[in-house]
Amino acid sequence: MISNKGLKILLTAAALFVAFAGLLWTTMQDGTQFYMEVEEVTMDPAAWDGKPLQVHGFAANVMRHPKSLDWRFEITDSVTDRRHTVTAVYTGIVPDTFADHAEVVATGRLDGDTFHVDPNGIMAKCPSKYEEKRSVDLDALPDEHNTVVTGAAGN
Amino acid sequence: MATVGTYTILAAFIFCAYAVAATVAGARRRSTRLIESGIGASYVVTALMTFASAIMVRAFVTRDYSIRYVDRYSDSVQPLFYKLTSYWGGLDGSIMFWVFLLSVFGAIAVRTNRERHRELIPYVVATIAVVQMFFLFIMIVSKNPFATYLLEPPSDGRGLNPLLQNPYMVIHPPSLYIGLVSMTVPFAFAIAALITGYLDDSWLRAVRRWTMFSWFFLSLGLTLGMIWAYEELGWGGWWGWDPVENAGALPWFPATAFLHSVMVQERRSMLRVWNISLIIIAFALTLFATAMTRTGIVQSVHAFGEDRGLAVMFAIFISAVVVVGFGLVIYRLPLLRARNELESWASREAAFLVNNWILLFSAFFILFATMFPTLSEAVTGQRITVGPPFFNKWMIPIGLTLLLLTGIGPLLAWRKSTLSNLGQQFLWPTLAAVSTAAGLYAMGFRVWVSGICFALCAFVVGTIGQEFARGAVVRRGVTGTDLLTAMIGLVARSRRRYGGYVIHIGIVLMMLGFAGSGYKKTEQVLLTPGEQVEVGNFSVRLDRLSITDDGQKEMHTAHVTVFEDGEEVGQLYPGRFFYRKHETEPTTEVAMRRTIAEDVYVVLAAYDMSDQSASFQVTVNPLVNWIWLGFALLAIGTGIALLPESQFAFLASRESSPVASSAATPTALVLALLLNGIGTTTFAQIAPESYSATTELEADLQRELVCVCGDCPHYTLADCRCSTADQMRGQLREQVESGKNRREILEYFISSYGSQEPLGAPLDEGFNRLAWLFPYAVGGSFLIGVGFVTVRWTRRESSDYSETAALSETADAELDARLDNELRNLD
Numbered sequence: 000m001i002s003n004k005g006l007k008i009l010l011t012a013a014a015l016f017v018a019f020a021g022l023l024w025t026t027m028q029d030g031t032q033f034y035m036e037v038e039e040v041t042m043d044p045a046a047w048d049g050k051p052l053q054v055h056g057f058a059a060n061v062m063r064h065p066k067s068l069d070w071r072f073e074i075t076d077s078v079t080d081r082r083h084t085v086t087a088v089y090t091g092i093v094p095d096t097f098a099d100h101a102e103v104v105a106t107g108r109l110d111g112d113t114f115h116v117d118p119n120g121i122m123a124k125c126p127s128k129y130e131e132k133r134s135v136d137l138d139a140l141p142d143e144h145n146t147v148v149t150g151a152a153g154n
Numbered sequence: 000m001a002t003v004g005t006y007t008i009l010a011a012f013i014f015c016a017y018a019v020a021a022t023v024a025g026a027r028r029r030s031t032r033l034i035e036s037g038i039g040a041s042y043v044v045t046a047l048m049t050f051a052s053a054i055m056v057r058a059f060v061t062r063d064y065s066i067r068y069v070d071r072y073s074d075s076v077q078p079l080f081y082k083l084t085s086y087w088g089g090l091d092g093s094i095m096f097w098v099f100l101l102s103v104f105g106a107i108a109v110r111t112n113r114e115r116h117r118e119l120i121p122y123v124v125a126t127i128a129v130v131q132m133f134f135l136f137i138m139i140v141s142k143n144p145f146a147t148y149l150l151e152p153p154s155d156g157r158g159l160n161p162l163l164q165n166p167y168m169v170i171h172p173p174s175l176y177i178g179l180v181s182m183t184v185p186f187a188f189a190i191a192a193l194i195t196g197y198l199d200d201s202w203l204r205a206v207r208r209w210t211m212f213s214w215f216f217l218s219l220g221l222t223l224g225m226i227w228a229y230e231e232l233g234w235g236g237w238w239g240w241d242p243v244e245n246a247g248a249l250p251w252f253p254a255t256a257f258l259h260s261v262m263v264q265e266r267r268s269m270l271r272v273w274n275i276s277l278i279i280i281a282f283a284l285t286l287f288a289t290a291m292t293r294t295g296i297v298q299s300v301h302a303f304g305e306d307r308g309l310a311v312m313f314a315i316f317i318s319a320v321v322v323v324g325f326g327l328v329i330y331r332l333p334l335l336r337a338r339n340e341l342e343s344w345a346s347r348e349a350a351f352l353v354n355n356w357i358l359l360f361s362a363f364f365i366l367f368a369t370m371f372p373t374l375s376e377a378v379t380g381q382r383i384t385v386g387p388p389f390f391n392k393w394m395i396p397i398g399l400t401l402l403l404l405t406g407i408g409p410l411l412a413w414r415k416s417t418l419s420n421l422g423q424q425f426l427w428p429t430l431a432a433v434s435t436a437a438g439l440y441a442m443g444f445r446v447w448v449s450g451i452c453f454a455l456c457a458f459v460v461g462t463i464g465q466e467f468a469r470g471a472v473v474r475r476g477v478t479g480t481d482l483l484t485a486m487i488g489l490v491a492r493s494r495r496r497y498g499g500y501v502i503h504i505g506i507v508l509m510m511l512g513f514a515g516s517g518y519k520k521t522e523q524v525l526l527t528p529g530e531q532v533e534v535g536n537f538s539v540r541l542d543r544l545s546i547t548d549d550g551q552k553e554m555h556t557a558h559v560t561v562f563e564d565g566e567e568v569g570q571l572y573p574g575r576f577f578y579r580k581h582e583t584e585p586t587t588e589v590a591m592r593r594t595i596a597e598d599v600y601v602v603l604a605a606y607d608m609s610d611q612s613a614s615f616q617v618t619v620n621p622l623v624n625w626i627w628l629g630f631a632l633l634a635i636g637t638g639i640a641l642l643p644e645s646q647f648a649f650l651a652s653r654e655s656s657p658v659a660s661s662a663a664t665p666t667a668l669v670l671a672l673l674l675n676g677i678g679t680t681t682f683a684q685i686a687p688e689s690y691s692a693t694t695e696l697e698a699d700l701q702r703e704l705v706c707v708c709g710d711c712p713h714y715t716l717a718d719c720r721c722s723t724a725d726q727m728r729g730q731l732r733e734q735v736e737s738g739k740n741r742r743e744i745l746e747y748f749i750s751s752y753g754s755q756e757p758l759g760a761p762l763d764e765g766f767n768r769l770a771w772l773f774p775y776a777v778g779g780s781f782l783i784g785v786g787f788v789t790v791r792w793t794r795r796e797s798s799d800y801s802e803t804a805a806l807s808e809t810a811d812a813e814l815d816a817r818l819d820n821e822l823r824n825l826d
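Those sequence lines, one after another, are chains H and U.
Everything in the first sequence is counted per numbering that gives the first Met the number 0, starting at 0 for the first residue and increasing by one.
Everything in the second sequence is counted per numbering that gives the first Met the number 0, starting at 0 for the first residue and increasing by one.
Because the hints were derived from the structure by calculation, they are not lab data.
Predicted, not measured: the structure shown is a model, and the values here were computed from it.
Note that CB positions come from ideal geometry on N, CA and C, so glycine has one too.
Heads up, some of the hints might be wrong.
Pairwise CB distance ranges, derived in the manner of DEER restraints [said to hold, decoys possible]:
(1) H:A45 <-> U:G569: 50 to 56 Å
(2) H:L9 <-> U:W344: 32 to 38 Å
(3) U:G569 <-> H:T25: 42 to 48 Å
Heads up, simulated BS3-like pairs for lysine-lysine below, C-alpha to C-alpha not over 25 Å straight-line [to be verified]:
(4) H:K66 <-> U:K520
(5) U:K392 <-> H:K50
(6) U:K392 <-> U:K520
(7) U:K520 <-> H:K7
All chains should be modelled from the sequences, with the hints used to inform the complete structure.
This is the structure:
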């Protein structure tokens with residue numbers, strides 16, 4: 000038999016838990032993004048259309064429209080072998096080391112074949128990541144000093 | 000020299016192992032010689048780590064690129080200052096820096112406490128040495144900073160990333176490291192107190208200052224990181240809820256909670272289990288923060304890299320810390336019972352308790368949200384991330400509640416506040432808050448979150464101002480001095496309390512800065528010379544672009560003029576620098592016009608030298624500099640709280656004069672009456688004192704049996720001075736002298752007192768074994784959980800990197816071929 004005090008504590012704890020879980024659920028509805036590799040997106044783009052995504056990969060064919068801050072680039076799954084590619088567009092300031100071969104995580108939404116990156120939605124690896132990621136084999140690249148990607152980020 | 004460095008690390012590991020063995024054996028056998036030799040070994044570790052650090056620094060200065068680490072993080076054109084700081088610039092060196100700092104802090108902690116806390120010191124040394132061994136082990140098996148190239152070393156290094164060649168970035172990592180590493184000392188004292196059973200409040204005195212020291216450096220490290228992000232990265236913000244930023248902040252929350260709740264234990268002998276748990280949690284989170292940055296367990300733009308082996312080692316060590324720490328807490332529960340109960344929710348201890356809950360909740364919420372991608376992937380197979388909006392939705396109300404409690408806490412009395420007392424205390428601060436809110440509304444400010452924050456800031460300032468004013472007026476009346484002298488005297492008498500208030504003012508200023516971001520304005524624009532953009536009250540005009548060179552870098556600079564309400568207020572030079580070794584990674588050089596009211600923040604985003612056109616991002620950041628000013632005040636407050644007694648000797652001597660000493664007592668009394676008992680800072684504590692035992696058995700049992708008077712928090716018979724303890728000691732001596740063995744004596748006490756209450760720990764038999772097994776069962780489950788997540792995560796990641804593995808194998812084959820060629824040439 001639970002005492003009165005025990006029951007009160009139990010009810011309070013249950014109420015707090017329900018409130019917490021409810022609040023968590025509500026706030027998560029519009030605060031979450033799916034973290035995807037390029038290959039996962041390209042396998043079934045229709046499934047991800049319009050959903051908030053974070054796409055991880057490497058920047059390629061980075062181009063800026065003259066006299067504007069409009070960028071168009073590709074996100075690929077590998078620096079050396081671009082089997083899967085998503086075309087991305089972005090308007091705004093990019094991190095300092097955002098360039099071809101840069102390892103990036105872009106936040107935005109897929110609209111058809113084009114990935115629309117959110118404002119300030121480009122993150123490139125920060126310089127405090129001092130170690131080269133092992134997935135990029137530096138010796139396999141033409142010029143290792145040009146491909147060590149440790150760029151700034153909008154942290 | 001690299002070989003000497005490697006052997007120095009090996010020697011440090013061996014001496015650590017000896018320190019653990021000698022101090023633990025010495026404590027158990029009560030051998031002073033063994034304990035002293037263990038302490039000596041810990042000093043040798045400090046000397047060895049200092050020597051290893053000297054070798055590393057020398058390697059950087061003499062450009063010894065045969066050491067891989069030196070090659071990776073320095074080059075010949077790098078200024079000496081940055082060469083020295085490259086020591087902690089990479090993963091391997093940062094781990095060595097960790098051990099070096101810990102060895103220095105450990106030596107200082109042992110040296111300053113070896114007489115005062117003689118019983119604890121052996122286990123303090125052992126705990127610190129075990130932590131050192133863990134990090135030295137990592138260096139020995141996989142992250143040796145002295146590793147050299149097998150092939151011919153490069154003629155020049157790769158150089159430190161230009162973005163890291165920034166003064167803030169030089170001091171930000173070591174500040175954070177100092178904060179993280181020094182948290183080991185309170186943990187070591189907590190573990191020593193739990194093992195020895197010396198759980199009176201004396202161990203708190205040893206760790207309180209260390210925790211404050213650690214807390215200060217964590218705050219400094221986080222603030223410097225914010226300044227660096229703000230000034231260097233060019234996105235106009237200072238905190239982005241990145242996993243690695245969060246990791247640095249995690250231990251800050253339990254450390255802050257502890258600094259508050261320790262007062263409750265000192266004043267009211269409550270929250271004893273809570274406090275020791277906070278220290279264990281804070282230390283575990285420092286390890287977690289260190290692991291997060293170094294193992295890549297969570298995707299972050301800041302992480303050092305990805306290393307699954309290292310992740311597993313950290314997971315095992317953190318689990319061991321949690322299991323052993325909380326296992327000992329459960330084992331010592333009988334000695335950790337609270338002496339008093341919460342009498343009213345309208346009391347200061349209740350406010351501290353709520354503040355502690357919120358702070359701890361904040362830590363676990365951030366931990367949960369930071370780990371959410373990894374957890375979601377382990378459970379559902381789909382990595383789901385949560386971004387800054389999610390963090391802000393939770394942390395803004397939490398921050399505002401904590402700000403409110405910062406104001407409420409000092410207004411409440413210990414034990415219980417009466418209604419009239421509450422009315423008297425809350426009147427002026429509430430008026431300050433309401434008038435601020437009304438004033439802001441009347442002036443047309445409509446950002447609600449910022450408005451509430453401003454009102455709460457006014458409330459806290461009102462509270463603290465009231466505390467200072469009332470105290471100073473009373474003191475002036477008693478001592479007959481002027482108001483300023485009275486206030487200085489007040490601070491000198493209660494440094495922790497008033498230092499704490501100064502820290503709170505600093506926090507208020509920081510909150511003002513955070514709230515100011517609600518009024519931030521940003522424009523992105525393309526300008527040609529002569530054109531201008533308007534942002535808020537400001538206009539920014541592009542004059543021209545230029546290229547200059549200082550030998551180390553080529554500087555592309557925009558010359559812009561800033562106008563405020565149409566009047567020219569200055570020129571700014573945002574630019575992009577191209578460093579020689581990193582020409583493909585230009586750095587953004589933000590230009591700012593800083594004032595106390597706001598910053599005009601200009602970033603050169605893109606440009607065309609041929610027609611002199613350029614794209615800019617112009618941001619007006621209101622009140623942002625209050626964040627940094629607030630931190631300066633926080634530092635001053637910490638300094639006041641940490642100042643030793645001797646710094647105030649001149650005041651003490653003055654007060655020891657007949658007049659002053661007679662005045663001092665009434666001052667304390669009047670303050671106590673006026674502030675309802677919160678004016679006094681001294682508090683009677685039971686000084687541990689051993690009572691002589693005639694035999695070893697009696698001495699052991701004096702430490703195993705606890706006083707059952709009901710007034711003391713179950714001190715051991717060796718420590719307690721009350722009459723009940725005297726009586727129990729008498730009973731114990733009778734039993735020992737009658738020739739009974741340990742078991743018989745314990746049974747005598749159980750039958751005499753009708754329960755196991757006099758026992759410091761439950762007997763290890765029957766159902767009681769559950770109490771012993773419980774932490775290990777929890778720990779085991781935790782380890783299985785960690786293992787499960789790690790396996791799922793590793794499987795997934797391994798498939799991602801299968802292609803990489805193939806590439807690496809090709810590279811390895813090439814490397815092997817080159818090595819074979821060189822060896823053949825040698826033959």
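Structure-based check of each hint:
One distance hint, 50 to 56 Å for the beta-carbon pair A45 (chain H) and G569 (chain U), holds here, with the actual separation near 53 Å. Between L9 (chain H) and W344 (chain U) the beta carbons are some 19 Å apart, a value that contradicts the proposed interval 32 to 38 Å. The beta-carbon spacing between G569 (chain U) and T25 (chain H), approximately 47 Å, falls within the hinted interval of 42 to 48 Å. This hinted pair checks out: K66 (chain H) and K520 (chain U) have alpha carbons roughly 23 Å apart, not beyond 25 Å.
Between K392 (chain U) and K50 (chain H), the direct Cα distance comes to roughly 21 Å. Compliance with the 25 Å bound is thereby established for this hinted pair. For the proposed pair K392 (chain U) and K520 (chain U), the alpha carbon gap of about 21 Å is at most 25 Å, so the pair holds. At most 25 Å may separate the alpha-carbon atoms for a hinted pair to count; K520 (chain U) and K7 (chain H) exceed this at roughly 49 Å.
Taken one by one, the earlier hints fail for this structure at numbers 2, 7, listed in ascending order.
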